[in-house]
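K.L.:
Here is how the chains run, residue by residue.
Protein chains: 2
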Amino acid sequence: MSGEDAPVQQQNAVDQKQDSKPSEEPKTESEPVAAGAADAPAAAADAATTEKVPEEEAFTYRALVLTGYGGYDKVKVQVKKGKPALKAAEVLVRVKACGLNFADLMARQGLYDRLPSPPVSPGMECSGLVEAVGEEVTDRKVGDKVMVLSRFGLWQEVVAVPANHTILMPEGMSFEEAAAIPVNYITAYMMLFDFGHLRPNQSVLIHSAAGGVGTAATQLCKTVKDVTVFGTASASKHEAIGQAGVTHPIDYRTKDYVEEVRKISPKGLDIVLDPLGGSDTHKAYNLLKPMGKLITYGAANMLAGQKKNLLAVAKNWYHQFSIHALSLIQSNKSVCGFHLGYLDGETELIHEAMDAILELYKQGKIKPRIDSTWHLEQVGDAMRKMQERNNIGKVILTTDPMPEEEKKEEAPAADKKKEDKKKEDKKKEDKKKDEGKKEEKKDDKKKEEPKKEEEEKKEEAKKEEK
Amino acid sequence: MSGEDAPVQQQNAVDQKQDSKPSEEPKTESEPVAAGAADAPAAAADAATTEKVPEEEAFTYRALVLTGYGGYDKVKVQVKKGKPALKAAEVLVRVKACGLNFADLMARQGLYDRLPSPPVSPGMECSGLVEAVGEEVTDRKVGDKVMVLSRFGLWQEVVAVPANHTILMPEGMSFEEAAAIPVNYITAYMMLFDFGHLRPNQSVLIHSAAGGVGTAATQLCKTVKDVTVFGTASASKHEAIGQAGVTHPIDYRTKDYVEEVRKISPKGLDIVLDPLGGSDTHKAYNLLKPMGKLITYGAANMLAGQKKNLLAVAKNWYHQFSIHALSLIQSNKSVCGFHLGYLDGETELIHEAMDAILELYKQGKIKPRIDSTWHLEQVGDAMRKMQERNNIGKVILTTDPMPEEEKKEEAPAADKKKEDKKKEDKKKEDKKKDEGKKEEKKDDKKKEEPKKEEEEKKEEAKKEEK
Numbered sequence: 103m104s105g106e107d108a109p110v111q112q113q114n115a116v117d118q119k120q121d122s123k124p125s126e127e128p129k130t131e132s133e134p135v136a137a138g139a140a141d142a143p144a145a146a147a148d149a150a151t152t153e154k155v156p157e158e159e160a161f162t163y164r165a166l167v168l169t170g171y172g173g174y175d176k177v178k179v180q181v182k183k184g185k186p187a188l189k190a191a192e193v194l195v196r197v198k199a200c201g202l203n204f205a206d207l208m209a210r211q212g213l214y215d216r217l218p219s220p221p222v223s224p225g226m227e228c229s230g231l232v233e234a235v236g237e238e239v240t241d242r243k244v245g246d247k248v249m250v251l252s253r254f255g256l257w258q259e260v261v262a263v264p265a266n267h268t269i270l271m272p273e274g275m276s277f278e279e280a281a282a283i284p285v286n287y288i289t290a291y292m293m294l295f296d297f298g299h300l301r302p303n304q305s306v307l308i309h310s311a312a313g314g315v316g317t318a319a320t321q322l323c324k325t326v327k328d329v330t331v332f333g334t335a336s337a338s339k340h341e342a343i344g345q346a347g348v349t350h351p352i353d354y355r356t357k358d359y360v361e362e363v364r365k366i367s368p369k370g371l372d373i374v375l376d377p378l379g380g381s382d383t384h385k386a387y388n389l390l391k392p393m394g395k396l397i398t399y400g401a402a403n404m405l406a407g408q409k410k411n412l413l414a415v416a417k418n419w420y421h422q423f424s425i426h427a428l429s430l431i432q433s434n435k436s437v438c439g440f441h442l443g444y445l446d447g448e449t450e451l452i453h454e455a456m457d458a459i460l461e462l463y464k465q466g467k468i469k470p471r472i473d474s475t476w477h478l479e480q481v482g483d484a485m486r487k488m489q490e491r492n493n494i495g496k497v498i499l500t501t502d503p504m505p506e507e508e509k510k511e512e513a514p515a516a517d518k519k520k521e522d523k524k525k526e527d528k529k530k531e532d533k534k535k536d537e538g539k540k541e542e543k544k545d546d547k548k549k550e551e552p553k554k555e556e557e558e559k560k561e562e563a564k565k566e567e568k
Numbered sequence: 103m104s105g106e107d108a109p110v111q112q113q114n115a116v117d118q119k120q121d122s123k124p125s126e127e128p129k130t131e132s133e134p135v136a137a138g139a140a141d142a143p144a145a146a147a148d149a150a151t152t153e154k155v156p157e158e159e160a161f162t163y164r165a166l167v168l169t170g171y172g173g174y175d176k177v178k179v180q181v182k183k184g185k186p187a188l189k190a191a192e193v194l195v196r197v198k199a200c201g202l203n204f205a206d207l208m209a210r211q212g213l214y215d216r217l218p219s220p221p222v223s224p225g226m227e228c229s230g231l232v233e234a235v236g237e238e239v240t241d242r243k244v245g246d247k248v249m250v251l252s253r254f255g256l257w258q259e260v261v262a263v264p265a266n267h268t269i270l271m272p273e274g275m276s277f278e279e280a281a282a283i284p285v286n287y288i289t290a291y292m293m294l295f296d297f298g299h300l301r302p303n304q305s306v307l308i309h310s311a312a313g314g315v316g317t318a319a320t321q322l323c324k325t326v327k328d329v330t331v332f333g334t335a336s337a338s339k340h341e342a343i344g345q346a347g348v349t350h351p352i353d354y355r356t357k358d359y360v361e362e363v364r365k366i367s368p369k370g371l372d373i374v375l376d377p378l379g380g381s382d383t384h385k386a387y388n389l390l391k392p393m394g395k396l397i398t399y400g401a402a403n404m405l406a407g408q409k410k411n412l413l414a415v416a417k418n419w420y421h422q423f424s425i426h427a428l429s430l431i432q433s434n435k436s437v438c439g440f441h442l443g444y445l446d447g448e449t450e451l452i453h454e455a456m457d458a459i460l461e462l463y464k465q466g467k468i469k470p471r472i473d474s475t476w477h478l479e480q481v482g483d484a485m486r487k488m489q490e491r492n493n494i495g496k497v498i499l500t501t502d503p504m505p506e507e508e509k510k511e512e513a514p515a516a517d518k519k520k521e522d523k524k525k526e527d528k529k530k531e532d533k534k535k536d537e538g539k540k541e542e543k544k545d546d547k548k549k550e551e552p553k554k555e556e557e558e559k560k561e562e563a564k565k566e567e568k
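Protein sequence lines correspond, in order, to chains D and S. Residue numbers for the first sequence follow our numbering, beginning at 103 and rising by one. Residue numbers for the second sequence follow our numbering, beginning at 103 and rising by one.
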């Protein structure tokens, strides 16, 4: 039950009151448009309502809307009319790029209680340009490049958000990078340095080391002297995570990661980051040295297949880790829970972490790795890529309009360099479609056991169909 | 159920194998001598046996021995013959002073599983002079002043201990101070700085702020900028703990400490140190802010009266705190357990903490507060003072021989300056004896509610008799 690329449940962290949520666009007729994930019903309504601003009725923008819990096709592109009303302490942001997070996948299945009921716009992080500022806002101006963190609602072309939920982008940072930083890096930073108190010569286990949080955590570990990083990922990603800083890559699909860690570090580890939950949290606890810290931040094991898998959810609950005070005392261990989505209102803590992260970015010590960039219309494929653990690094949405020819091809956007490889992938994808599944493969040449992986995928596909 | 002065369960931290324990004195006839705690049976045997060293048979030394579980009188002075055998990696230490810890009180009642069954010498920390060194020892020499940490066995005039369980005393440090430092300061240091990651502007709740760990923790908090310290203690100790650095002293006997903290810090606290256990651990958890850390390090609530109180033990178990992973995630909190006595073999961690502590000592930023010093024969009274929460700072035993006249008086030793006050206390003590109890009072002039406290003590005395 080890899941890869599973920065589950981490997300935005702003004191996002209902009355200031970014999805507060004017109540207006929304129109479904041709979306990659396709067949959107026309009825999808807006989540929030405010007064219409008549003179700006001509203003339209696209938004992704979760229309109901379920599979990838539940998130649809809709066109909204009327500029979102701007409060005194808010700024209007023209969104350029958005980050995908595991919590978005959980939310789509109805497994994430920080997202209001559908219809609602998901999205916890984005980057963009300030297009207007509220009358009380003094530290942001039109034209500023910003990153935004919010509890939800950022997967739209235009959002109104509290100014203190924005962070100025440093010089030279791309919008894609900016959309890849907030959730993953703040999560990794606060876990490793506040709860974990990571110091030189220590050892850390990072599950899903090729995922968003995994990549961020690996890079942050390397900012501390002589830290040993154990990282799980499927074999095809080992070269990539090794280059990124993982000292000991472990293929959780073919090996028992507990045994692998014990072989190298018989005494155990100083820190284990656990995005998996269930029985893996028990394993994490048992792997700790005295004075070790287990930091659990998700329940990726709950996520099995495209739609909610009740068996996986029940299993996760059944195996949920719990601990008594006296056991902790006798073993000198620490158990911490982290979830950026529940840090509502802790803007000071968030900004403190973000300052440190951007300082490391400026020093060239960290750099977000973008796996792939997708158009809004392709959000379903983007989510699939992440959920099926095929990404290395961050999966990004761009608000750039999708060229007509691409729409026909349904290929991912951006990243021209990858185009050729994608064409190759496309062929394999088509082959798979014949088997009833549409999947993306990358770095196939590096893969050691393509057969085995393919079989596993088939099994997963079967599960999804159930 | 709030206990004062309760650094429970913390203790020594050396990889104390059975084959290298300091109580490894030669097997020889021990003779009970007149002890303050009195009526010791002659049968008390040594805990460990090794070969006799014939040429050193004339060598005798006094040792405190726990002869069975129970009240204060179970710890007796015995005279042992023959010099302890010295292993290659050990040093022989002529003990000058010993520290008392809450775990010693728990151990006497049979509530501490790190002490072997009686008869056995307790004692987790001491200071003294190196009298001989084993053949492999290169970093210690005869005449060195050292502090010693061990799992047990240090309440003796002479001990053989592994050299790496000793720490050189800095210039100008007294033996009493040296015996007061290891357990309390290492415990406070590792809790606040490793698990707690204490930073400027944070807030900390310290229970039993006048106790050994409480005093050390308060001083260590003051080494960090703008830390707010909430400290519980009975009202008579508030002036003392205020001077020591507690920002907000709270009288747990007359007030609800949770309410008092909330009045001043409505959002809660960054760190709570919990030596109490049971229902107080729940209160501690609920008092945490997001990203807050609860560090539980004892179960002082178990200790009610002189002998094991089964009701208190059961109550503590019944109310024991436990936590689920998902609850931790949703509240962004950390729960840590600490107990120096279970850090066997972690000599590197111990020395790392001790280096930092001694550096702070040399800079004059910390200084152990000695409450009182007692002769070995007075160990019963010393334990009573600590258990009845009448100490402010550390309770110390000295190996200096007890003058004959003092033996008659049964007064505490040392600390000449306190002599006069002690005489006063003595009178009150005598008065109490008439009521069937022998107790010590200090700082009576500062006490705001002497009547109330006295009544409480009577009640406690009644409990003990049961």
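Hint data in this document are derived by calculation from the structure and do not stem from the laboratory. One or more of the hints may lead you astray.
When chains are identical, the list treats them as one kind, so a pair holds in a single copy or across two.
Pairs of lysine-lysine residues, derived as DSBU-like cross-links and limited to a Cα-Cα distance of at most 35 Å, are as follows [stated by the list, open to error]:
#1 K247 to K410
#2 K417 to K464
#3 K417 to K467
#4 K410 to K464
#5 K324 to K189
#6 K409 to K467
#7 K469 to K327
#8 K410 to K198
#9 K391 to K243
#10 K464 to K409
#11 K464 to K357
#12 K247 to K391
#13 K243 to K365
#14 K327 to K417
#15 K467 to K327
#16 K369 to K247
#17 K409 to K365
#18 K409 to K189
#19 K243 to K369
#20 K410 to K467
#21 K189 to K410
#22 K469 to K409
#23 K247 to K189
#24 K327 to K391
#25 K357 to K469
#26 K324 to K247
#27 K357 to K183
This one's a predicted model, so the numbers in the text were calculated from it and none came from an experiment.
K.L.:
Evaluate each hint against the coordinates.
P.N.:
Verification of the supplied hints:
no. : hint         : result
1   : K247 to K410 : neither (37 Å within a copy, 67 Å between copies)
2   : K417 to K464 : neither (44 Å within a copy, 55 Å between copies)
3   : K417 to K467 : neither (40 Å within a copy, 52 Å between copies)
4   : K410 to K464 : neither (41 Å within a copy, 61 Å between copies)
5   : K324 to K189 : neither (42 Å within a copy, 43 Å between copies)
6   : K409 to K467 : neither (38 Å within a copy, 59 Å between copies)
7   : K469 to K327 : both (18 Å within a copy, 32 Å between copies)
8   : K410 to K198 : within (31 Å within a copy, 68 Å between copies)
9   : K391 to K243 : between (50 Å within a copy, 33 Å between copies)
10  : K464 to K409 : neither (41 Å within a copy, 63 Å between copies)
11  : K464 to K357 : neither (38 Å within a copy, 51 Å between copies)
12  : K247 to K391 : between (44 Å within a copy, 32 Å between copies)
13  : K243 to K365 : neither (55 Å within a copy, 39 Å between copies)
14  : K327 to K417 : neither (39 Å within a copy, 46 Å between copies)
15  : K467 to K327 : both (13 Å within a copy, 29 Å between copies)
16  : K369 to K247 : between (47 Å within a copy, 33 Å between copies)
17  : K409 to K365 : neither (38 Å within a copy, 47 Å between copies)
18  : K409 to K189 : neither (37 Å within a copy, 66 Å between copies)
19  : K243 to K369 : between (54 Å within a copy, 33 Å between copies)
20  : K410 to K467 : neither (39 Å within a copy, 57 Å between copies)
21  : K189 to K410 : neither (37 Å within a copy, 64 Å between copies)
22  : K469 to K409 : within (33 Å within a copy, 61 Å between copies)
23  : K247 to K189 : within (20 Å within a copy, 69 Å between copies)
24  : K327 to K391 : both (19 Å within a copy, 31 Å between copies)
25  : K357 to K469 : within (30 Å within a copy, 52 Å between copies)
26  : K324 to K247 : within (28 Å within a copy, 41 Å between copies)
27  : K357 to K183 : neither (53 Å within a copy, 59 Å between copies)
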